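If you read the protein sequences in the order shown, they are chains X and V.
The first sequence begins at 1 in the UniProt record's numbering and counts up one residue at a time.
The second sequence begins at 1 in the UniProt record's numbering and counts up one residue at a time.
Derived from the structure by calculation, the hints contain no laboratory data.
Be aware that a few hints might be false.
For chains that are exact copies, the list does not tell them apart, and a pair is met inside one copy or across any two.
[To be verified] Cut-off 25 Å, straight-line C-alpha distance, at most; resulting in silico cross-link-like pairs (SDA-like, lysine to any residue):
| no. | residue 1 | residue 2 |
| --- | --- | --- |
| 1 | K55 | T44 |
| 2 | K54 | L33 |
| 3 | K54 | S16 |
| 4 | K55 | E192 |
| 5 | K55 | A181 |
| 6 | K54 | L102 |
Only a predicted model underlies this, so the values are computations on that prediction, with no experimental measurement involved.
2 protein chains.
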Amino acid sequence: MTPARGDHEARRTEVSEAVWRVLSTRGFEALTLRAVAAEMGATTGLLTHYFPSKKALLAHALELLDRRSQERPRRLVPADGGPPPAAGLARLRAALLDILPLDGAGRAGNRIWVGSWDVALADPELAEAHAARYARSRRVLAECVVDAQRLGELPAGPGAEGLAAGAQSFVLGLVVQALFAPGEFPAERQVELLDAYLAGLAAA
Amino acid sequence: MTPARGDHEARRTEVSEAVWRVLSTRGFEALTLRAVAAEMGATTGLLTHYFPSKKALLAHALELLDRRSQERPRRLVPADGGPPPAAGLARLRAALLDILPLDGAGRAGNRIWVGSWDVALADPELAEAHAARYARSRRVLAECVVDAQRLGELPAGPGAEGLAAGAQSFVLGLVVQALFAPGEFPAERQVELLDAYLAGLAAA
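Next comes chain X alone, as it looks inside the complex (with noise of 0.2 Å):
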C-alpha cells in the first residue's frame, strides 16, 4: 500500500467519523458537506473530492451504520468466536437485546438508524434497502421462533412469521420510545419491558 493510498484510506476514516458525530447529535436533516467538513476542521471544497453531492454523503452514512452494525459486539454472534446462545428462547432474546439501545454504542446507533428513516422513506431506492434489511432481520427472528417450538418454550400454534414480525415490532418500537425517554426507559427497564413481552409469548 503506498503512502498516498494509506492517506486516502485515513481520511475517508476521517470523514467517517465526522459523519457518525454529525449524524449522532444532529441527525440526517444536518447532514450537509458543510457540516461534515466543519466537524472535520477541513474546507467544503476537500470534501467534494470524496463525496461529489449531498446524495453520496448519505448514501456512505447508511453504509456506515450498516458496517458498524454489523461490526459492534453482538450478544447473537459473540466477537470472541465464543459460543452463540444456545437456540431457541434464549437465542431470540440475545437477538433481540442486541437491538435495544442498552449503550452508549447502541443508543449511537439507533438514534442514527432512527434518523434514517425519514430519508429512507422519501426514497424508493434506500426503502427498498431498509425494507430488505428488516425482512432479513425477521427471518433470523422466525428461525428463533422454529427453534424456540421445536424445544417446547413457545406453544406451536401461532404462526413463526407472525410472532417474528410482532417481536421485531415491540423491539423497534421500544427502541423510539427509549430514545425518547432515556430516562423512562433505561437499560434495566427495556430489558424488563422486553422479557414480559417473551414470558406473555411463551405462556399464550
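Got chain X; can you put chain V on it based on the hints?
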C-alpha cells in the same frame, strides 16, 4: 373578520396544505421554504412573510401534525359523537388501531410522524414535546389496561404501566414496518398481528 384577515387565513391554510404534501411525499429532509413555495406555485419571498425561517416552518409542521392527528376520525373518540368503544380491552384495541396506518390518511400521517423523529431527536425542546406526547398516550393506554384488568379481561399480575409501554412499543414498531413494507403489512395483516399480541396479553 375583515377580508384582509380572511385572505391571511386562507393563505395560511394553503401553506399548511403545501407543507403537508412536501412532508408526506418527501419528508422533513426536503422541508425547505423553497420547496414549500414551489409546491404552492409561490415565491420564497411570499412564504418568508408567513414563516421567517426553516425553524418556524418546522414548528408549524409539527403543530399541523398534532392538530391533524387530533382531528382525524378516531375509533376511540367517534367524530359523530357516538359512544366510544365500551371499555377495557375493546377500548385498548380501539386506541391502538387508531395509531396504525390502516388507510391512506393513516399512512400519510404516520409517514410524517416517523419522519419527524430525526428532527425531533436533534432538538431538546422538540424531543421533550414528543416524549410528553408519548407519555400522555401511554397514560391513556394504561387506563384502558387497568379497566381491562378490572373486568378480568387482562391478568391482574403485570403492572398496567408496563403493559401500556409494551403495547405502545408494539404499535409504533408495527407502524415503521408497515411504512417500509406496505405489501407485507396491509391493513388486515396489521390488525391480525395486533389481535395476536392482545390475545397473548390476555392469555399470559
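Do the hints match the structure? See the list:
Proximity of K55 and T44 under a CA criterion of 25 Å is satisfied in both settings, with 15 Å inside one chain copy and 24 Å between copies. For a Cα distance limit of 25 Å, the shortest separation of K54 from L33 qualifies both inside one copy, at 6 Å, and across copies, at 19 Å. In the homo-oligomer, the alpha carbons of K54 and S16 lie at most 25 Å apart inside one protomer (14 Å), although the nearest pairing across protomers, at 27 Å, exceeds that limit. With identical chains, the CA atoms of K55 and E192 are never at most 25 Å apart, being 40 Å at best within one copy and 38 Å at best between copies.
Taking the shortest alpha-carbon separations for K55 and A181, only the inter-copy value of 23 Å comes in at or below 25 Å, while the best intra-copy value is 31 Å. Taking CA atoms no more than 25 Å apart as the test, K54 paired with L102 passes in neither setting, with 31 Å inside one copy and 34 Å between copies.
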